[in-house]
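S.K.: Sequence:
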Amino acid sequence: MLPQHGLMSMGRLLLLLVLLAAWKTGSGQVHYSVPEEAKHGTFVGRIAQDLGLELAELVPRLFRVASKGRGDLLEVNLQNGILFVNSRIDREELCGRSPECSIHLEVIVDRPLQVFHVEVEVRDINDNPPVFPETWLLANKWCGSLPGN
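Read in order, the letters of the sequence shown correspond to residues -7 to 141 in the working numbering.
If you are wondering where the hints come from, they were derived from the structure by calculation, not from laboratory data. A few of these clues could be false.
Using C-beta positions, here's what the derived DEER-type ranges look like [as the list claims (entries may be wrong)]: (1) Asp42 / Asp116: 22 to 28 Å; (2) Gly88 / Gln21: 21 to 27 Å; (3) Thr127 / Pro104: 56 to 62 Å.
Yeah, the Cβ is synthetic: ideal placement off N, Cα and C, and Gly gets one too.
Could you put together the complete structure from these sequences and hints?
M.R.: And the structure:
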(Lines of atoms letter the chains of each structure in order from A and count residues from 1; the text may use other names and numbers.)
(Lines give C-alpha, C1' and ligand atoms only; values in the text may rest on other atoms or scores of the structure.)
Protein backbone atom coordinates (compact mmCIF):
# COMPACT_ATOMS: atom_id res chain seq x y z
CA MET A 1 0.00 0.00 0.00
CA LEU A 2 1.24 3.52 -0.86
CA PRO A 3 1.71 6.12 1.87
CA GLN A 4 -0.72 9.08 1.89
CA HIS A 5 1.73 11.48 0.20
CA GLY A 6 2.35 8.87 -2.53
CA LEU A 7 -1.37 8.74 -3.32
CA MET A 8 -1.49 12.55 -3.59
CA SER A 9 1.48 12.51 -5.97
CA MET A 10 -0.20 9.84 -8.10
CA GLY A 11 -3.39 11.92 -8.16
CA ARG A 12 -1.49 15.01 -9.29
CA LEU A 13 0.31 13.03 -11.96
CA LEU A 14 -2.99 11.63 -13.24
CA LEU A 15 -4.52 15.12 -13.30
CA LEU A 16 -1.52 16.44 -15.23
CA LEU A 17 -1.81 13.64 -17.80
CA VAL A 18 -5.54 14.32 -18.27
CA LEU A 19 -4.88 18.05 -18.75
CA LEU A 20 -2.10 17.37 -21.25
CA ALA A 21 -4.35 14.99 -23.20
CA ALA A 22 -7.13 17.60 -23.27
CA TRP A 23 -4.69 20.29 -24.45
CA LYS A 24 -3.33 17.97 -27.17
CA THR A 25 -6.80 17.25 -28.57
CA GLY A 26 -7.84 20.89 -28.33
CA SER A 27 -4.87 22.47 -30.01
CA GLY A 28 -2.70 21.93 -33.00
CA GLN A 29 -0.12 23.50 -35.20
CA VAL A 30 -0.20 24.11 -38.92
CA HIS A 31 2.61 25.48 -41.07
CA TYR A 32 2.26 27.30 -44.40
CA SER A 33 4.58 29.40 -46.53
CA VAL A 34 3.95 32.29 -48.88
CA PRO A 35 6.31 34.36 -51.03
CA GLU A 36 6.84 37.93 -49.90
CA GLU A 37 4.97 40.62 -51.82
CA ALA A 38 2.23 38.17 -52.86
CA LYS A 39 -0.84 39.99 -54.16
CA HIS A 40 -4.18 40.35 -52.38
CA GLY A 41 -6.14 37.12 -52.70
CA THR A 42 -3.11 34.83 -53.03
CA PHE A 43 -3.95 31.36 -51.70
CA VAL A 44 -2.01 30.38 -48.56
CA GLY A 45 -3.79 27.22 -47.37
CA ARG A 46 -7.02 25.35 -46.61
CA ILE A 47 -6.89 26.28 -42.95
CA ALA A 48 -10.30 24.92 -41.88
CA GLN A 49 -9.64 21.55 -43.51
CA ASP A 50 -6.08 21.37 -42.18
CA LEU A 51 -7.35 22.04 -38.64
CA GLY A 52 -10.05 19.36 -38.99
CA LEU A 53 -12.94 21.83 -38.87
CA GLU A 54 -16.13 21.57 -40.92
CA LEU A 55 -17.02 24.61 -43.05
CA ALA A 56 -20.55 24.66 -41.65
CA GLU A 57 -19.21 25.09 -38.10
CA LEU A 58 -16.91 28.08 -38.72
CA VAL A 59 -19.54 30.79 -38.17
CA PRO A 60 -21.55 29.12 -35.35
CA ARG A 61 -18.33 28.33 -33.44
CA LEU A 62 -17.13 31.95 -33.80
CA PHE A 63 -14.01 31.07 -35.83
CA ARG A 64 -11.51 33.91 -35.52
CA VAL A 65 -7.85 34.62 -36.14
CA ALA A 66 -5.62 36.63 -33.82
CA SER A 67 -2.17 37.89 -34.72
CA LYS A 68 0.52 39.77 -32.86
CA GLY A 69 1.51 42.92 -34.70
CA ARG A 70 -0.01 43.38 -38.15
CA GLY A 71 -3.23 41.41 -38.17
CA ASP A 72 -4.38 42.61 -41.57
CA LEU A 73 -1.85 40.71 -43.69
CA LEU A 74 -3.78 37.42 -43.83
CA GLU A 75 -7.48 36.65 -43.72
CA VAL A 76 -9.77 33.62 -43.75
CA ASN A 77 -12.79 33.28 -46.03
CA LEU A 78 -15.44 31.78 -43.73
CA GLN A 79 -17.42 30.43 -46.70
CA ASN A 80 -14.66 28.12 -47.96
CA GLY A 81 -12.16 28.00 -45.05
CA ILE A 82 -9.26 29.30 -47.13
CA LEU A 83 -6.47 31.43 -45.68
CA PHE A 84 -5.39 34.11 -48.16
CA VAL A 85 -3.18 37.18 -48.42
CA ASN A 86 -5.21 40.26 -47.50
CA SER A 87 -2.55 42.93 -48.07
CA ARG A 88 0.94 42.92 -49.57
CA ILE A 89 3.53 41.38 -47.25
CA ASP A 90 6.81 43.31 -47.18
CA ARG A 91 9.28 40.84 -45.69
CA GLU A 92 11.94 43.47 -44.95
CA GLU A 93 9.39 45.66 -43.16
CA LEU A 94 8.07 42.69 -41.20
CA CYS A 95 11.36 41.03 -40.22
CA GLY A 96 14.20 43.33 -41.26
CA ARG A 97 17.26 41.43 -42.48
CA SER A 98 16.53 38.33 -40.41
CA PRO A 99 17.11 35.15 -42.46
CA GLU A 100 13.90 33.67 -41.06
CA CYS A 101 10.55 35.42 -41.21
CA SER A 102 7.18 34.10 -40.07
CA ILE A 103 3.75 35.36 -39.18
CA HIS A 104 2.32 33.64 -36.11
CA LEU A 105 -1.45 33.30 -35.85
CA GLU A 106 -3.77 31.93 -33.21
CA VAL A 107 -7.00 30.44 -34.54
CA ILE A 108 -9.72 30.33 -31.91
CA VAL A 109 -13.06 28.53 -32.07
CA ASP A 110 -15.70 28.21 -29.36
CA ARG A 111 -18.16 25.48 -28.33
CA PRO A 112 -15.92 23.79 -27.23
CA LEU A 113 -13.00 26.19 -26.97
CA GLN A 114 -10.06 25.21 -29.15
CA VAL A 115 -6.90 27.16 -29.90
CA PHE A 116 -4.70 26.34 -32.88
CA HIS A 117 -1.24 27.72 -33.59
CA VAL A 118 -0.54 28.59 -37.21
CA GLU A 119 2.80 29.68 -38.61
CA VAL A 120 3.09 31.26 -42.05
CA GLU A 121 6.66 31.47 -43.30
CA VAL A 122 7.30 34.49 -45.52
CA ARG A 123 9.77 33.38 -48.20
CA ASP A 124 12.28 35.88 -49.60
CA ILE A 125 12.01 36.47 -53.35
CA ASN A 126 15.60 37.76 -53.58
CA ASP A 127 14.65 41.24 -54.75
CA ASN A 128 17.52 42.91 -52.89
CA PRO A 129 21.15 42.99 -54.04
CA PRO A 130 23.51 40.78 -52.03
CA VAL A 131 25.38 42.33 -49.12
CA PHE A 132 28.94 41.16 -48.55
CA PRO A 133 30.94 41.64 -45.36
CA GLU A 134 33.67 44.28 -45.67
CA THR A 135 36.36 41.69 -44.87
CA TRP A 136 35.26 39.59 -47.85
CA LEU A 137 35.37 42.60 -50.16
CA LEU A 138 38.87 43.55 -48.98
CA ALA A 139 40.15 39.97 -49.37
CA ASN A 140 38.62 39.72 -52.84
CA LYS A 141 40.17 43.05 -53.89
CA TRP A 142 43.58 42.00 -52.52
CA CYS A 143 43.47 38.60 -54.28
CA GLY A 144 42.38 40.23 -57.51
CA SER A 145 45.40 42.56 -57.47
CA LEU A 146 47.95 39.72 -57.44
CA PRO A 147 50.05 39.32 -60.62
CA GLY A 148 48.43 37.02 -63.13
CA ASN A 149 44.86 37.83 -62.06
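S.K.: Hint by hint, say whether it matches the structure.
M.R.: Here is what the structure says about each hint:
1. Between Asp42 and Asp116 the beta carbons are some 24 Å apart, a value that agrees with the proposed interval 22 to 28 Å.
2. A hinted range of 21 to 27 Å holds for the C-beta pair Gly88 and Gln21, which are about 25 Å apart.
3. Hint check: Thr127 to Pro104, Cβ distance near 58 Å, so the stated range 56 to 62 Å holds.
The structure is consistent with each of the numbered hints, conforming to all of them.
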